[in-house]
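K.L.:
For the record, the sequence lines run as chains A and B.
Take the first sequence: its letters are residues 1 to 611, numbered as in the UniProt record's numbering.
Take the second sequence: its letters are residues 1 to 226, numbered as in the UniProt record's numbering.
Check before you lean on any hint, since a few could be wrong.
[What the hints assert, rightly or not] Where chain B lies over chain A, by a calculated footprint (3+ residues, C-beta under 8 Å):
hint, stretch
1, 160-166
2, 180-186
3, 316-330
[What the hints assert, rightly or not] In silico PhoX-like pairs for lysine-lysine, Cα to Cα no more than 20 Å straight-line:
hint, chain 1, residue 1, chain 2, residue 2
4, B, Lys174, A, Lys436
5, A, Lys436, B, Lys21
6, A, Lys436, B, Lys176
FYI, nobody ran anything at the bench for these hints, they're computed from the structure.
Computed from a predicted model, the values in this text were never measured in an experiment.
Every residue, glycine too, gets a C-beta built ideally from N, C-alpha and C.
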Amino acid sequence: LSVPPEIPKEDGRPKWDNKFQYILSCIGFAVGLGNVWRFPYLCQIHGGGAFLIPYIIALLFEGIPLLHLELALGQCLRKGSIGAWNSISPYLGGVGVGSWMVSVLVSLYYNTVLTWVMWYFINSFQEPLPWSVCPLNENRTGLNEECYESTAVNYFWYRKTLNITPDVTETGTLQWWLILCLGTCWAIVYLCTIRGIETTGKAIYVTALFPYLVLTIFLIHGLTLPGATDGLAYLFTPNLNTLKNPRVWLDAATQIFFSLSLAFGGLIAFSSYNPPKNDCEKDAVTVALVNSVTSLYASIPVFSVLGFKATTGYWECLDRNIISIINEFDLPEESIMRQNYTAWISFLNSSYPEKIAGLKLKNCDLQEFLDQSVSGTGLAFIIFTQAIMLMPGSQAWAILFFIMLFCLGLSSMFGNIEGVFTPLLELPAIPKLIPKELLSGIICLICFLIALCFTLGSGSYWIDIFDSYAGSLPLLVIAFLEVIGVVYVYKIKRFSKDVEMMTGRKPHLYWQITWRFISPLLLLIVFVAFVILQIQKPPSYAAWNPKYEGFPMKEDKVYPPWVLAICVLLAVLPCVFVPLVALFHLIKRTHRTKDSSFVPPEVFSCQGTNS
Amino acid sequence: MLRVLLLTLSVIAITYAELCKPDAQNAFKVRLSIKTALGENAYAWDANEEYLFKAMVAFAMRRYSSKSTTQISNVLLCNVTDRVSFWFVVTDPSKNVTTVPGSEVEAAIRMNRNRINSAFLLSDKTLQFLKITSTLSPPVEPSTPAWLIVFGVVLCLIVAGIVFLIVAGIKKHKKKNKESTERENLEEKCEVTVTVENGIPCETLDLKAGHINGVFAADAERFTSL
């Protein structure tokens with residue numbers, strides 16, 4: 001009996017051109033800006049190599065099981081997040097709506113971060129780089145005061161790019177250059193997602209693979225820079241004492257969770273375009289491992305460059321001191337070098353202590369320079385740009401760096417937009433006559449108009465708010481409900497049979513244990529710990545205020561009540577759909593108790609949904 | 001005679017020594033960082049360089065006030081250190097044993113700073129006249145900011161891409177509509193074939209696949225769709 005080969009299902013559902021495109025899209029979605037600017041920072045502050053221990057544990061017991069669950073779910077049910085959860089149980093439809101809501105909120109602000117990257121990219125074509133020199137003040141007698149007191153790099157970021165206001169309540173004006181870049185970014189997103197996965201599948205080859213090329217180039221160049229080994233030693237030297245701090249474990253768990261982009265609905269959307277007989281187990285393990293290895297791989301050039309910057313700063317500090325001493329004592333040039341600086345200092349201190357004291361020399365300590373750890377936008381736009389200035393051929397390095405960041409963010413945006421787009425395509429409310437191009441255009445246009453708020457003077461404060469509240473807490477809730485929903489509502493036995501049908505083998509005991517007990521428990525603990533940490537201190541933010549006494553240090557301010565209300569709204573809004581939808585269906589059911597067309601969810605199975 | 005000459009010379013030397021000393025009135029300290037500026041091509045600071053310096057200062061004084069008749073001998077250098085720093089003072093050629101006011105010297109040096117720097121292959125930073133500030137050069141502003149040009153290029157590429165994709169999509173849609181009407185005609189012919197040739201479904205004509213077992217094909221419809 002000859003089994004027919006793969007007959008393409010004539011259900012009109014688009015599909016991936018090949019498996020590699022699908023894997024690359026998942027990897028591109030998972031590998032994002034956080035791998036470059038959050039993971040190395042966490043490694044640094046949580047005891048270097050020792051951080052890998054909680055990280056790998058979180059990966060094994062939380063990351064990989066949840067990833068497998070989502071990929072299997074999408075592949076089995078062949079629908080976007082809203083449709084998939086409606087299929088599992090109408091009462092759980094709210095989980096899908098919550099995912100969709102989070103994808104919308106994150107898409108809004110994520111593209112604004114890409115706007116900043118694009119702004120820096122197009123400014124990298126100048127000689128000298130605009131963030132390397134301070135502009136003159138109005139009457140040309142000296143340098144601009146704000147720039148002089150902080151640094152040129154800070155000035156370019158806070159004033160020339162963001163034009164930031166000193167307070168979150170002061171909205172400032174719309175920055176036209178950011179609006180132009182925002183429009184361009186949304187145009188690029190539209191160009192790549194215009195026909196859903198047909199177009200993103202082509203674009204992903206570039207946006208997912210190019211960052212690896214640039215990382216390799218930076219790795220090779222970074223390792224040749226002086227001070228790179230200091231930076232790497234500092235990063236990777238394990239300090240096992242930090243493991244006693246529960247904060248480290250929480251950070252590892254949240255990092256794995258957010259890094260894999262779980263609970264957005266984007267992964268469900270991606271895997272829903274797969275043929276049903278596809279080994280989702282292998283895919284999940286592959287994507288998770290590649291994501292973690294990329295994080296590690298990216299931290300090497302990042303820390304080489306940071307080590308280089310620290311060493312250069314240390315040398316500059318020494319050189320300044322040396323010049324002061326030479327000028328004061330009229331010693332010949334190059335008599336004091338960095339190597340014999342300490343010997344000279346002790347000699348001079350013993351012979352002329354008052355003169356040395358009068359010079360007010362700064363104490364140069366390499367460790368202090370290495371300790372300056374930053375994550376997030378500060379790492380990319382302030383620290384890294386400063387380091388790039390010190391390299392020869394800085395324009396080329398800047399261009400490469402910002403293209404890499406843009407590609408990393410863009411491939412994550414594809415996943416976010418798919419998480420928004422795919423469920424909308426399946427909604428019965430959307431008439432089939434609307435071409436895909438129009439729908440994606442409408443989505444991009446609406447998102448662009450809403451995201452204009454982030455181009456205001458206070459925009460970056462709002463992005464921090466969105467990132468901390470919309471892009472964190474709801475995801476934990478949704479992921480927890482996902483696991484509970486699949487394991488206890490859909491029933492794990494049925495799910496295991498579905499997975500067996502798709503992969504061709506029974507799910508291993510490891511999956512059974514993690515899906516049933518470990519992952520939900522872990523998620524619950526992480527959620528509770530997260531909420532406790534948030535409640536412990538009143539939410540505050542660091543404002544850039546040139547009129548502050550401690551300038552250039554940032555001023556710590558507390559959010560006013562109306563902003564706090566918005567924070568709570570952002571965190572609660574996606575989660576509130578779950579009980580709302582369940583309530584809605586409960587009310588609908590009690591109104592038609594004797595309706596025979598109402599199918600109880602138990603009949604549902606993977607094989608029967610391919611319609 | 002000799003004794004008188006010696007006495008005069010020593011008096012002049014002492015007077016001059018009085019005029020040029022650290023922190024004297026109208027005296028300026030100069031600091032050179034030759035090795036920093038030139039690296040391996042650095043020249044040594046010797047009497048010839050000092051002569052050139054005196055010449056440049058005299059030149060500056062002459063250029064500043066055209067009636068000045070400053071000679072090289074009017075420029076006095078003292079306290080030359082290994083750092084290569086020294087003090088200098090300019091004496092008035094017309095009045096004996098007095099120094100030119102510091103403001104005049106400062107103005108003269110400022111006016112000719114560029115020439116003095118180039119004579120020594122140094123810059124404002126490496127040939128420092130302490131107490132004489134250098135004027136800051138105005139920033140170089142191109143007519144169109146460079147970033148606008150790059151932005152324009154990027155935007156044009158993107159818009160071209162979008163237009164291309166939309167037009168291609170519309171063309172494909174039209175072609176699909178035409179094809180589906182053609183296929184309907186073909187299917188009508190196929191149905192005739194099916195009735196004539198027992199049991200060969202039409203789809204196998206399009207597919208490269210092998211056999212389709214009729215039992216399995218019918219089986220797919222057994223599951224009810226929801």
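K.L.:
Each hint needs a verdict: does it hold in this structure or not?
P.N.:
Hints, verified against the model:
1. 160-166: violated (count 0)
2. 180-186: holds (count 3)
3. 316-330: holds (count 3)
4. B:Lys174 <-> A:Lys436: Distance of about 15 Å is within 20 Å: holds.
5. A:Lys436 <-> B:Lys21: Violated - the C-alpha atoms of lysine 21 (chain B) and lysine 436 (chain A) are around 86 Å apart, more than 20 Å.
6. A:Lys436 <-> B:Lys176: holds, 15 Å
The structure fails hints 1 and 5 (numbered hints given earlier, in ascending order).
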